[in-house]
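**Student:** Here is what each chain is made of, one letter per residue.
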Amino acid sequence: MPQMLLSRKAACNTHGQDSSYFLGWQEYEKNPYDPRTNPTGIIQMGLAENQLSFDLIESWLERHPDAVGLRRDGALVFRELALFQDYHGLPAFKKALADFMGELRGNKVKFEPHKLVLSAGSTSANETLMFCLAEPGEAFLLPTPYYPGFDRDLKWRTGAEIVPIHCSSSNGFRVTKAALEKAYQGARKRNLRVKGVLVTNPSNPLGTTMTRYELDTLIDFVVAKDIHLISDEIYSGTSFDAPGFVSVMEAIEDRQHVSDRIHVVYSLSKDLGLPGFRVGAIYSNNEAVVAAATKMSSFGLVSSQTQYLLSVLLSDKEFTRNYIVENQKRIKERHDRLVQGLRRSGISCLQSNAGLFCWVDMRHLLNSNTFEGEMELWKKIVYQVGLNISPGSSCHSDEPGWFRVCFANMSAATLDLSMQRLQDFVASRGGPNDGASGPRRQKKKPSLGKWILTLSSSDRISDRGC
Amino acid sequence: MAKKGVPLSEMATADTHGEDSPYFAGWKAYDEDPYDAASNPSGVIQMGLAENQVSFDLLEDYLEQHPQEFGWGCGISSFRENALFQDYHGLQTFRRAVALFMEQIRGGRTQFDPEHIVLTAGATAANELLSFILADPGDGLLIPTPYYPGFDRDLRWRTGVNIIPVHCNSSNGFQITLRALEDACTGAESMKVRVKGFLLTNPSNPLGVAITRPILEEILDFVSQKDIHLISDEIYSGSVFSSDEFVSMAEIVEARGHEERERVHIVYSLSKDLGLPGYRVGTIYSYNDQVVTTARRMSSFTLVSSQTQKMLASMLSDKEFTKNYLRTNRERLKKRYEFVVERLSNAGIRCLRGNAGLFCWMNLGELLEEPTVEGELSLWNLILHEAKLNISPGSSCHCLEAGWFRVCFANMSQQTLEVALRRMKDFTEKMKEG
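Protein chains in written order, with this note's numbering: chain A, 1 to 466; chain B, 467 to 900.
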């Protein structure tokens, strides 16, 4: 065997691309729904994108051609920006971003630009923090269920480990002191040194905000164990209902000597719907972290062109004020629409007040209360119902039967259609073996509003079955 | 007694980022006292930054004539589609444009398949990615000296990979020899470091020389024989003064068989040829499908802004524009280079004969008090504080011979360059007198 192999990192599958999370995407890519050209295609409900408020940004862009055209007061600043590669970031942009982050928190917290480190998306920010806080082989505790991408982002190149903090539906998936302690001890038994806890608040995939009590519990815990706390607040602008979002930064305001261990991650990918622009940030009161992360950001700087455009956008306080309120309103509307649609199918979800998705309870639809049962149900939903939703197992859920369903990346009409399909599916289910794939499925003639997917569903399954 | 902070990783606290070297110290001195013709005529002139500012007017003219390239047009879906686009394959139009541009730089002598292009936020990220992909922590990459100081960070810091220097010297114009390659390998073996690849910068930074065809062939033979990878960082390929003097590793590879191709990976970026370091556009071009797939996945950590991809896609696809740009840019760089060498020569200073890049490799050996690193750094310090010129000492580039310096000439106006060269002349005259 030639030595010219690739590294272990290249050969392993910690990038996670073989997980069902990504496989669902692949199925969608092969047969994507389009109202005109492919009305029987798969509807993408596995992508946590925010497409609800683009018009607000588009009209702002129309009114600000200078920002788009890289001009300041009419003069091209193209050259200046083209040369700007300072990893401290464009000062005007960092100031605007810091202000925006404060605004999202009702100005109960003030963020200082010099404590911000920019990165190419929060994907990069989270990985960078791992590099800064953990040695290879050391562990971070994460409450389950969690965003599938973390397996890649936190572990792949860093060599860090994730140890789950088991949360359950019995208490609304809240993080408890007991669960934290259990996870910590579990890590110890595996000879893993724990360096910190990472939470996503508001939570992905739960769509809930952490209570003040939970935050205090977390902070007490990390202080007692002398470890770090990373709060990924990427969804901070999507909180639309009571009890409202409380940032960890707010929770530590009246605490002494803890700020050094608390780090916040943010990004404009969800709140502003700009994942393509790759704008992420780390915020930390710990100078050493800021210094190290800043140097590391060389590997993932934000395009100066993008920094400039967004510095003008986010400095426009009238725009940001209006955007924040309107965006939250629209998210709430869409959330409610999904919840009601699910209810018509006899499906409930975890009560949520944030996020671009719901954590949906389909346990009663399982043939067996196992993860195999969950996969079986998921395949039916993807191939027969034509909805790509994310199975809880891909989010490391401890209980089978939960699914993450996104609602902000499609039109209201498409959302309604998806709910109609689901309703039809649930209505037609009789006994446990109904809806089985196979020759029966293929022979059935399509009728609108009933079985949308007809052809080759078993072919598709065998395509995947390797 | 100061309270002990919450521990960070070894990586965060070590100095493997390399920022404490003189390469960066000079930058700091410049930042504190930067030259400005009007407001600070006695300030430090930055000659340690390999930036290309000589052809911006061409880009600005193009953008003035094509304002639609900036925005998203009137189509309502255009902005949102672009804003949502985070596919790590990259915008197809942009990938195609980059492939085309790379072909043009090589005078159409090679072909680049857009499907093999992986986009990254700058060559900094591209090189680090390849280090992660081709080597495990503790393994080694062979790199000819002198080399770009940033490699110490880019290839080693977060990856845990070692750099094994392949020492070159002035006896043959710093050309890479088989002997040097073998010596380096033997050295690695004795340190029990497994060599996984060879990284070549062609044209070379800091030498400013395009590597010759025979040497490229020899290198490819060598890596094949050792069964290791070859990274060819061709970031300065568009800055070779005469286009026919540049031979890309792609040209050598196209004439070889499949197995040899699989070990070759080319790095490129728009930071030098187009002078756009702020936009963070780098690329890995690999002939190896597995490397392409893995690099794509890893590029999730370092994607290029879709806004930037879109803006540059049209410009780079405009053959008329790129043809003219490349030709004009080369001419201007050549002119600058010749001007610098002539003036330095008048001051009694020799340079390595170069034909590419944004800098020259200058020899001040005669002015050293002692032919050592200390002597060189002491001279560098004098030049920084007395002549007020920030140039890069060869030791920061891991050159084993003391007295060589890299001097950048494309990051300033002609006027500033003249001031800098006058100062250099005055300084050397004073040194020779004293």
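Do not rely on the hints blindly, as some may be mistaken.
What the hints assert, rightly or not - Result set (SDA-like, lysine to any residue): computed pairs, CA atoms no more than 25 Å apart in a straight line:
1) B:Lys494 / A:Tyr87
2) B:Lys494 / A:Phe84
3) A:Lys30 / B:His555
4) B:Lys494 / A:Arg79
5) B:Lys494 / A:Ala291
As the list claims (entries may be wrong) - Non-contacting residues of chain B with respect to chain A, defined by C-beta distances greater than 10 Å in every case (computed):
6) Glu476
7) Pro500
8) Leu529
9) Gly574
10) His582
11) Ala591
12) Pro631
13) Glu655
14) Met657
15) Asp687
16) Ser766
17) Leu833
18) Pro837
19) Glu867
20) Gln881
Said to hold, decoys possible - Computed footprint of chain B on chain A, listed as stretches where at least three residues anywhere in the stretch have a Cβ under 8 Å from a Cβ of chain B:
21) 179-193
22) 295-301
Just so you know, the hints here were simulated from the structure itself, not pulled from any lab data. Ideal Cβ positions, reconstructed from N, Cα and C, are used throughout, including at glycine.
**Student:** Would you check whether the claim that proline 500 of chain B is not at the interface survives, using Cβ distances to chain A and the 10 Å cut-off?
**Tutor:** holds, 14 Å
**Student:** Say whether it holds or is violated: aspartate 687 of chain B keeps its Cβ farther than 10 Å from all Cβ of chain A.
**Tutor:** holds, 15 Å
**Student:** Taking the shortest Cβ-to-Cβ distance between leucine 529 of chain B and chain A, state whether it exceeds 10 Å.
**Tutor:** violated, 6 Å
**Student:** If you draw a straight line from the CA of lysine 494 of chain B to the CA of alanine 291 of chain A, is it 25 Å or shorter?
**Tutor:** OK: lysine 494 of chain B and alanine 291 of chain A at ~16 Å, within 25 Å.
**Student:** Glutamate 476 of chain B clear of chain A by more than 10 Å, beta carbon to beta carbon?
**Tutor:** violated, 6 Å
**Student:** Would you say leucine 833 of chain B is clear of chain A, with no C-beta pair closer than or equal to 10 Å?
**Tutor:** For leucine 833 of chain B, whose nearest Cβ neighbour in chain A is about 32 Å away, the distance exceeds 10 Å, so it holds.
**Student:** For proline 631 of chain B, is the shortest CB-to-CB distance to chain A above 10 Å, so the non-interface label stands?
**Tutor:** With a cut-off of 10 Å, proline 631 of chain B remains clear of chain A, as the shortest Cβ separation is near 21 Å.
**Student:** Glycine 574 of chain B clear of chain A by more than 10 Å, beta carbon to beta carbon?
**Tutor:** holds, 27 Å
**Student:** For the region 179-193 of chain A, does the count of residues with a C-beta closer than 8 Å to a C-beta of chain B reach 3?
**Tutor:** violated (count 0)
**Student:** Please verify that the nearest CB of chain A lies beyond 10 Å from glutamate 867 of chain B's CB.
**Tutor:** holds, 29 Å
**Student:** Is the Cβ of serine 766 of chain B more than 10 Å away from each Cβ in chain A?
**Tutor:** violated, 6 Å
**Student:** Per the stated criterion, does the least C-beta distance between histidine 582 of chain B and chain A lie above 10 Å, as a non-interface residue requires?
**Tutor:** holds, 16 Å
In this structure, the hints that do not hold are numbers 6, 8, 11, 16 and 21, in rising order.
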